[in-house]
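S.K.: Here are the chains, one letter per residue:
2 protein chains.
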Amino acid sequence: MTPTQTLQLHSTVHEDSTVTLALVEVDLPAPGADDVVVRMEAAPINPSDLGVMFARADMSTVVSDASVATHAVRATLSPEVMQGATGRIGLAIPAGNEGGGVVVAAGTSDAAQALLGKVVGIRGGAMYAQYRCIAAQDCLVLPEGTAPVDAASCFVNPLTALGMVETMRMEGHTGLVHTAAASNLGQMLQKICTADGIPLVNIVRKPEQADLMRGLGAAHVCDTSQPAFMEDLTTALAETGATLGFDATGGGALTSHILAAMESAANRDAKTFSRYGSTVHKQVYVYGSLEDGPTLLHRTYGMSWGVGGWLLTNFLRDIPPATADRLKNRVATEIKTTFASHYTKVVSLSGALNPDEIAQYSKRATGQKYLIDPTRA
Amino acid sequence: MTPTQTLQLHSTVHEDSTVTLALVEVDLPAPGADDVVVRMEAAPINPSDLGVMFARADMSTVVSDASVATHAVRATLSPEVMQGATGRIGLAIPAGNEGGGVVVAAGTSDAAQALLGKVVGIRGGAMYAQYRCIAAQDCLVLPEGTAPVDAASCFVNPLTALGMVETMRMEGHTGLVHTAAASNLGQMLQKICTADGIPLVNIVRKPEQADLMRGLGAAHVCDTSQPAFMEDLTTALAETGATLGFDATGGGALTSHILAAMESAANRDAKTFSRYGSTVHKQVYVYGSLEDGPTLLHRTYGMSWGVGGWLLTNFLRDIPPATADRLKNRVATEIKTTFASHYTKVVSLSGALNPDEIAQYSKRATGQKYLIDPTRA
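Each protein sequence line maps, in turn, to chains X and L.
Just so you know, we're using full-length UniProt numbering here: the first sequence kicks off at 1 and counts up by one.
Just so you know, we're using full-length UniProt numbering here: the second sequence kicks off at 1 and counts up by one.
Bound conformation, chain X alone (with noise of 0.2 Å):
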């Protein structure tokens, strides 16, 4: 029988400056012939997700709210943050960006009908519930024999990874560099660089960090704890070549101290001083904000350099859709090898609005990451 209701994370940015969060029961559209009921079984809490969950209000000011729904959380937001929400105020979005689950239920398209009783991966929203519907072409369907809680977390890493590599050939560059090194994320691509021989240069905040990644092979690790920090960048940019970073902090100067190092690298072997820097060409991509605050440039690295906002669905939308799929279809081979993901934590959807545990999640900790199981009470 195929559900019509389901449980779901709602968030909601009020006049007020504060945020909602809840648990709220909604309708589910009928599937229309090309589409799927995929009962949710497993769905990550990615920091692209507490964008959506809490529109970057100050997580010390988290309560809970039983005015708004049973199992409800309440934020405020600062003037300079309700100025970038003003946009979504009073609309309830539904939160999660992907999740895995099982098809339950399908419309009368051979499509449609050729995924019952698959496991598949899906992405695009509103995944913190029981029930998601959604286009059967959307659903990256695993090998037999992969459970749903493997399926959770196949678009946003694994495709931000592989995204990031042919981001790095578009574009002509031939190395990267990557911080937030030793997350799930980062993992994933080491082994991609490793597998594909690309030179990858890890930015790690911590000595046992730096030894999980040399543990994984990689060959360049620099860690901003150490105090010969900018040396071993620069050392490991200029054996590189790395002129492309993706920076999942955001916040503070590591963005900045980047370039400085590629043109450091870049400058070892010059013959003659350019007065406006090399013309080398360093870009860095954010792609995420795990340090809050703003990023500062300092600007000591010449004229040739770009930083910019990096988004896996802009990503997706601007490649080739024969390029898609195959970065889709290696995610789905690999899934248990190479995008093979971890956890720390396994929560209920309620179990997601309790106070303390948003305080751990919210964290944004490398190496500690939460999973919402929808079926659980």
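Some hints could be false.
Stated by the list, open to error - Cβ-to-Cβ under 8 Å is the rule here; a few derived chain X residues that face chain L:
1) Val-307
2) Thr-313
3) Asn-314
As the list claims (entries may be wrong) - Derived coverage of chain L by chain X (criterion: at least 3 residues anywhere in the stretch with Cβ under 8 Å from a Cβ of chain X; other residues may be distant):
4) 255 to 267
5) 295 to 308
6) 351 to 358
The hints are simulated quantities; they were obtained by calculation from the structure and are not laboratory data.
It should be emphasised that the depicted structure is a prediction, and the values quoted were computed from it without experimental measurement.
By construction, the Cβ of each residue, glycine as well, lies at the ideal position given by its N, Cα and C atoms.
Please arrange chain L on chain X, whose structure you already have, making use of the hints.
M.R.: Showing chain L alone in chain X's frame:
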């Protein structure tokens, strides 16, 4: 008789984290067949010259230092700035990006001989000098009746202004935003945009600058000193559809404010809220550094944004030669109208080393510009 020596202003960064700027006599190379020797009569001190002259030193530390030369000054660099200047330690770099003068000697080629006696504008460093040897093809020959002083600023500001418009077209934008808009350069840009029918949003810092720009026919002027600045800017961006900015200030949050206002403008008519911001690509190039300190990016404008360095030299290198010729011809034709420059004070080569004068011209105040006349004692 071909001159064989010239006085020049040389800048040197030293191991002890100081920079010296000195007036020194050097040999002038004999012109090759295709070269000419220009007697320099006027060379502006542009903001872009200050970096070469003082290496981003702390300008409060400037003192005369006769141990270097009869006319010389010394200033101190902060550790951070010094890090970016290691490539030029010990190098004597001749200063002055552009200037105007008269061709007083020429190589044997017809092209060089044809320039004898002509008033030309030239660029490429070492312009703060009595004489400059340069390839004939690098001279911009000005129409009969142009004075050398009118030729002094015919590269940096005019080609930068024209380069902004070309960049806008090449990157698919349809309008421009410009900061420090009441500058010589900003006035040129307004005249170009008026002539070419390009929407331009001028950002100024004072009411009198706003009046000046409106007097030039500017339709959109936003004053950062006004409380309604962000609102005014957003409205101007919504009206013009400008999604490309050029920021002369560099330091501080102005670049970020422009991106935020572009995003607000893009979302004004949005029917739905996009969790990662609009998909309108918003770009700001930092082409100057009127404000010291880091560029602060608040990242409240989604993920479709870019910030980067923009340098005239790189732009001219990357465009087709025919495009460069078209731009230069326009400058020559309109040198006394669109591209006329104004100076607040004229100094000699040694006068440019007077600490009191340095304190003035290093302020980089809009509307204040020094000219060096190397023919003066």
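S.K.: Hints first: check each against the structure and report whether it holds.
M.R.: Now the hints, each set against the structure:
1. Val-307: With a closest approach of 5 Å, the X:Val-307 hint holds.
2. Thr-313: Holds: closest Cβ of chain L sits about 7 Å from X:Thr-313, inside 8 Å.
3. Asn-314: holds (6 Å)
4. 255 to 267: holds (count 5)
5. 295 to 308: holds (count 14)
6. 351 to 358: Contact hint for the region 351 to 358 of chain L vs chain X: violated, 0 residues under 8 Å.
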